[in-house]
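From first to last, the protein sequence lines stand for chains A and B.
In short: position in the first sequence from 1, add 516, done, that's this note's numbering.
In short: position in the second sequence from 1, add 18, done, that's this note's numbering.
Any given hint might turn out to be false.
[Said to hold, decoys possible] Cβ-to-Cβ under 8 Å is the rule here; a few derived chain B residues that face chain A:
| # | residue |
| --- | --- |
| 1 | H24 |
| 2 | V66 |
| 3 | L68 |
| 4 | L69 |
| 5 | S75 |
| 6 | G80 |
| 7 | P82 |
| 8 | L86 |
| 9 | R89 |
| 10 | F94 |
| 11 | F101 |
| 12 | R104 |
| 13 | T106 |
| 14 | F148 |
| 15 | Y208 |
| 16 | C235 |
No lab work stands behind these hints: they were computed from the structure.
All C-beta atoms, glycine included, are put in the ideal place defined by N, C-alpha and C.
Here is what each chain is made of, one letter per residue.
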Amino acid sequence: MEIRDKILYAIVAFGIFYIVLTLFFSQLTLGELQMTKSFGLAGIYFFNAIIALFLGTTSFYKDVDRKVVYFLFSKPVTRAQFLLGKFFGLCLVLLVASAMLGLVYFGIVLYEHGGFDFVGLLAIFMQFLEMALFIAFAIFVSTFSSSLVSIVFTSAVFFIGHVVSALLTDAKAIGLGGIQYRLVQLIYYVVPNLEKFDIRDLAIHSVPMPLASFGLALAYAAAYITLLLGGAIWIFDRKEI
Amino acid sequence: MVEFSHLTKTYKKKGNAVDDFSLTVNVPIFGFLGQNGAGKTTVMKMTVGLLEPTSGSITIDGVPSRDLASRQKIGFMPETPYFYERMTALEFMRFCGSLFQNAGGRDEAYEALLKKVGIYGARNFEIKTFSKGMRQRLGFAQALVNDPEYLLLDEPLDGLDPIGRREMKEVMRDLKKEGRKVFLNTHILYDVEEVCDEVGIIHQGKLLYAGSVRAFCAGKSLEERFTEIVEAHDAKADAAKTVAVASASEIAQS
Chain A
517 MEIRDKILYA IVAFGIFYIV LTLFFSQLTL GELQMTKSFG LAGIYFFNAI
567 IALFLGTTSF YKDVDRKVVY FLFSKPVTRA QFLLGKFFGL CLVLLVASAM
617 LGLVYFGIVL YEHGGFDFVG LLAIFMQFLE MALFIAFAIF VSTFSSSLVS
667 IVFTSAVFFI GHVVSALLTD AKAIGLGGIQ YRLVQLIYYV VPNLEKFDIR
717 DLAIHSVPMP LASFGLALAY AAAYITLLLG GAIWIFDRKE I
Chain B
19 MVEFSHLTKT YKKKGNAVDD FSLTVNVPIF GFLGQNGAGK TTVMKMTVGL
69 LEPTSGSITI DGVPSRDLAS RQKIGFMPET PYFYERMTAL EFMRFCGSLF
119 QNAGGRDEAY EALLKKVGIY GARNFEIKTF SKGMRQRLGF AQALVNDPEY
169 LLLDEPLDGL DPIGRREMKE VMRDLKKEGR KVFLNTHILY DVEEVCDEVG
219 IIHQGKLLYA GSVRAFCAGK SLEERFTEIV EAHDAKADAA KTVAVASASE
269 IAQS
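Next up, chain A with everything else stripped away, as it sits in the complex (with noise of 0.2 Å):
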């Protein structure tokens, strides 16, 4: 359903006139390379941010909250069979969203310079798997609270997600103690550290991940989106609708 949203589209289109816009910018650093994928990728991962904030609060809580579900579980569908659907039907649209904007993208860093940035395609890889998780935890605050909340933590946990590291660090720096360090480690623990995902300044400079970074991210997303899907299964099939 989500692909014939027209918002959708309206997303991308300006996700991709953006995306070209990256090519005046770049005239006006006299072509510098880093402006380019600099400004490129930092779009890629805006829009795809904002489809996936969209798509992660409203498509399931839509679907609950206007009883659509109705039809499909009075078929031999279970709720988990549901959600899994969704969750992956949703980063499908994402992936295929990405692959848009990055096909340009790239077709911009061909066109200037003359070569295929390999890195940016796995900064690209790594924003995807960030908004993947980004999903995950929409779903899972849908399932047991309305569509506004769910933007609301949503949002909240995509900015801390980003500062969660350097918050813990200027903790220890500044020689935090007591509760108030419990309280930093908890968010630590709990709120997942999305600075993982994030290797654009790489991708910039050119610079390959290092293999086990990636692993590591890899791993860290796979099991966070295992643990939110595995508590909203568990929340939903509870949940009288």
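Got chain A sorted already, so can you dock chain B onto it with the hints?
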């Protein structure tokens, strides 16, 4: 055969929506009657697996309704159906068909069902453009997508104009001829009198009567008999409450 055995559904705030409900349904068209909020929809939702009973059980041809296998045999039309609005009617039928084992029915079969309920001409229109009556008809059609033995229809004639109602009742009679069993929830007594072989009267979650329409009416109109039985139950409940309050105050005084 659909069997309900000591079925109870309790909500924390509302109390018992269905209370020790036992019934066996084995007739071609069974009408389930009750006022709004009597518990009809709750019973139906538990039958198709949308709600878990607090206690008791439901079996469909011996298969517990909790078992996914039971859903292969049933078709369900919810009250006020909601759809994926951007799909066309035919796409929605394909989607519903794909959810069953041996999925992948042919378009001709889906089109025949849309013809049967009278919206074939709108098969390629997006559902968001449909009127309430057309939505009811599509809800009916999707319930038939797996060629079910049992059809559970929750207020299927709501929102239909007189001609639409007549057509849908005709479809139900056709289904009866095909050997299917229809379980019909409604509060419109006139429709029940016309199409049902047996009725069940539910009030405040309790089954007050189950049996043939003719035996129930005993020469009176269904509406008259329905009102009598519901009012008699309420009077009995009120009397029991009064006695309970009186005994409680007597105990308190002594």
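For this session: So, R89/B near chain A? Judge it on the closest CB pair being under 8 Å.
Result: 4 Å, holds
Exercise. Once the shortest beta carbon distance from L69/B to chain A is found, is it less than 8 Å?
Worked result: Nearest chain A Cβ about 7 Å off; hint holds.
Exercise. Close enough to count: is the Cβ of Y208/B nearer than 8 Å to one in chain A?
Worked result: Since chain A brings no Cβ nearer than about 27 Å to Y208/B, farther than 8 Å, the hint is violated.
Problem set entry | Hinted contact H24/B with chain A - closest CB pair below 8 Å | 20 Å, violated
Problem set entry | When the least beta-carbon distance from F94/B to chain A is tested against 8 Å, hint result | 4 Å, holds
Problem set entry | When the least beta-carbon distance from L86/B to chain A is tested against 8 Å, hint result | With a minimum Cβ separation of about 5 Å from chain A (threshold 8 Å), the hint on L86/B holds.
Problem set entry | Interface hint status, C235/B versus chain A (Cβ within 8 Å) | 32 Å, violated
For this session: Under 8 Å, Cβ to Cβ, is where F101/B needs to be relative to chain A, so tell me if that hint holds or is violated.
Result: 7 Å, holds
Exercise. Taking 8 Å as the limit, does the beta-carbon of T106/B come near enough to a beta-carbon in chain A?
Worked result: 11 Å, violated
Exercise. Would the hint on V66/B stand, with a C-beta cut-off of 8 Å toward chain A?
Worked result: Holds, about 4 Å.
Problem set entry | Proposed interface contact between R104/B and chain A, which counts if any beta carbon pair is under 8 Å | 4 Å, holds
Problem set entry | When the least beta-carbon distance from S75/B to chain A is tested against 8 Å, hint result | Interface hint status for S75/B: violated (18 Å vs cutoff 8 Å).
Consistency with the previously given hints fails for numbers 1, 5, 6, 7, 13, 14, 15 and 16, ordered from lowest to highest.
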